[in-house]
Amino acid sequence: MSMPFIDLAAQQRRIRDKIDAAIAKVLDSGAYVMGPQVREFEAKLAEFGQAKLALSCANGTDAIVLPLMAWGVRRGDAVFCPSFTFAATPEVVPWVDATPVFVDVLPDTFNLDPAKLDAAIAAVKAEGRLTPKVVIAVDLFGQPADYPAIKAICDREGLKLISDSAQGFGCTLDGKHPLHWADVATTSFFPAKPLGCYGDGGAVLTNDATLWDLMDSYRVHGKAVGPDLAGKTFDHDPKYLNTRIGMNSRLDTIQAAILIEKLALFAEEIELRQVVANRYAEGLKGAVIATPAVIDGGVSVWAQYVIEHENRDGLAAHLKTQGIPTAVYYPVPMHLQAPYAHFPRGAGGLPVTEAKAETVLALPMHPYLGEADQQKIIEAIRAFNG
9 MSMPFIDLAA QQRRIRDKID AAIAKVLDSG AYVMGPQVRE FEAKLAEFGQ
59 AKLALSCANG TDAIVLPLMA WGVRRGDAVF CPSFTFAATP EVVPWVDATP
109 VFVDVLPDTF NLDPAKLDAA IAAVKAEGRL TPKVVIAVDL FGQPADYPAI
159 KAICDREGLK LISDSAQGFG CTLDGKHPLH WADVATTSFF PAKPLGCYGD
209 GGAVLTNDAT LWDLMDSYRV HGKAVGPDLA GKTFDHDPKY LNTRIGMNSR
259 LDTIQAAILI EKLALFAEEI ELRQVVANRY AEGLKGAVIA TPAVIDGGVS
309 VWAQYVIEHE NRDGLAAHLK TQGIPTAVYY PVPMHLQAPY AHFPRGAGGL
359 PVTEAKAETV LALPMHPYLG EADQQKIIEA IRAFNG
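The sequence shown begins at 9 in the numbering used here and counts up one residue at a time.
Treat the hints with care, as some may be off.
Label-pair restraints from in silico Cβ distances [as the list claims (entries may be wrong)]:
{"#": "1", "residue 1": "Ala131", "residue 2": "Asp245", "range": "48 to 56 Å"}
{"#": "2", "residue 1": "Val336", "residue 2": "Gln20", "range": "48 to 56 Å"}
{"#": "3", "residue 1": "Phe13", "residue 2": "Leu344", "range": "40 to 48 Å"}
{"#": "4", "residue 1": "Ala295", "residue 2": "Pro347", "range": "19 to 27 Å"}
{"#": "5", "residue 1": "Gly291", "residue 2": "Asp321", "range": "46 to 54 Å"}
{"#": "6", "residue 1": "Met42", "residue 2": "Ala130", "range": "17 to 25 Å"}
{"#": "7", "residue 1": "Gly38", "residue 2": "Ala289", "range": "25 to 33 Å"}
{"#": "8", "residue 1": "Gln20", "residue 2": "Arg287", "range": "17 to 25 Å"}
{"#": "9", "residue 1": "Leu344", "residue 2": "Ala131", "range": "31 to 39 Å"}
{"#": "10", "residue 1": "Asp321", "residue 2": "Leu237", "range": "57 to 65 Å"}
{"#": "11", "residue 1": "Asp105", "residue 2": "Ala200", "range": "38 to 46 Å"}
{"#": "12", "residue 1": "Ala346", "residue 2": "Asn256", "range": "23 to 31 Å"}
Quick list of in silico lysine-lysine cross-link-like pairs, PhoX-like style, CA-CA up to 20 Å [stated by the list, open to error]:
{"#": "13", "residue 1": "Lys60", "residue 2": "Lys184"}
{"#": "14", "residue 1": "Lys247", "residue 2": "Lys231"}
{"#": "15", "residue 1": "Lys52", "residue 2": "Lys33"}
{"#": "16", "residue 1": "Lys133", "residue 2": "Lys60"}
Simulated from the structure, these hints should not be mistaken for lab results.
Glycine included, each C-beta is placed from N, C-alpha and C at the ideal position.
With the sequences and hints as input, model every part of the structure.
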């Protein structure tokens, strides 16, 4: 019988009574959209992420596009991001008619390479066709990008910085969350994420109240917000006064209620994930090309535990026969996929990204992975001689 890749049921068993009570409270209230639990969750999320403010939304993809919309990113603007990521990262850039520029990653952490970012910005400026505006750094597989180095480049070039922490919310670098360096940090509450709901959802964390107001407007059909109404008289519900073209990206109240309960044990689950990761690292020494390296001073939330193996596909097939599920993140980098192939690539191409796509393999990873099951995985890997 196959073991779960991510065991969502184990966590649910711990807090099912609290989840049921939270959902029942929402059902009884009738406030199913933007109910009081949404603001309660936003406040608690901001506190956890060392932010002044958090803005919830419908999913992690919308979370990335909302700041781009609020900053007025548009045609002719360049947004730099890795290609070794999920589609949501570059996908939102053409939504605002801007151009993603793909940048290679570091060979050890798989996160954005600051030196390659610097070179990509210089190349775009030299060409003169696009104007550099934003960098999206991805906290891939749960660990923070090299924010001090990336932030220094952004400050020098006058660029905004987004931390795409869909996989990495809760990660820290020298005790600080990514928002310490980024203009915004975004995350996803897709069920498989370290902090996931039972549907879909996302959020943007920021310290900028004016930006929060603008994103609040964009997430609800471009509604009028405080600054729009200053000095004006409007007798009707301001949601019927639309001051910009927006979208519909609200977090359901039931999901907010569920996330409140999940956030309460999130810090403990991050610690449990460290235990699982450490067991993998110790047990797989010498059996694979590499186990994950974490940036100095970094704490990963281990959204995935990704090893490298020279016969990745053979190993995956072998593990499947043992009832052990695996996954490949990501078999085809974004810059090699048809909709994205025409967008610019950093100077020198993306050789690290393309090489890693051939060797990476994610193993079962969640806070409740038992020692016996994990030992079975380790032994199966060590027994593979293909």
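Tested hints:
no., hint, result
1, Ala131 <-> Asp245: 48 to 56 Å, "holds (49 Å)"
2, Val336 <-> Gln20: 48 to 56 Å, "violated (27 Å)"
3, Phe13 <-> Leu344: 40 to 48 Å, "violated (25 Å)"
4, Ala295 <-> Pro347: 19 to 27 Å, "violated (37 Å)"
5, Gly291 <-> Asp321: 46 to 54 Å, "violated (22 Å)"
6, Met42 <-> Ala130: 17 to 25 Å, "violated (44 Å)"
7, Gly38 <-> Ala289: 25 to 33 Å, "violated (49 Å)"
8, Gln20 <-> Arg287: 17 to 25 Å, "holds (23 Å)"
9, Leu344 <-> Ala131: 31 to 39 Å, "violated (19 Å)"
10, Asp321 <-> Leu237: 57 to 65 Å, "holds (58 Å)"
11, Asp105 <-> Ala200: 38 to 46 Å, "violated (31 Å)"
12, Ala346 <-> Asn256: 23 to 31 Å, "holds (29 Å)"
13, Lys60 <-> Lys184, "holds (14 Å)"
14, Lys247 <-> Lys231, "holds (5 Å)"
15, Lys52 <-> Lys33, "holds (19 Å)"
16, Lys133 <-> Lys60, "violated (34 Å)"
Going through the hint list in order, the structure does not satisfy hints 2, 3, 4, 5, 6, 7, 9, 11 and 16.
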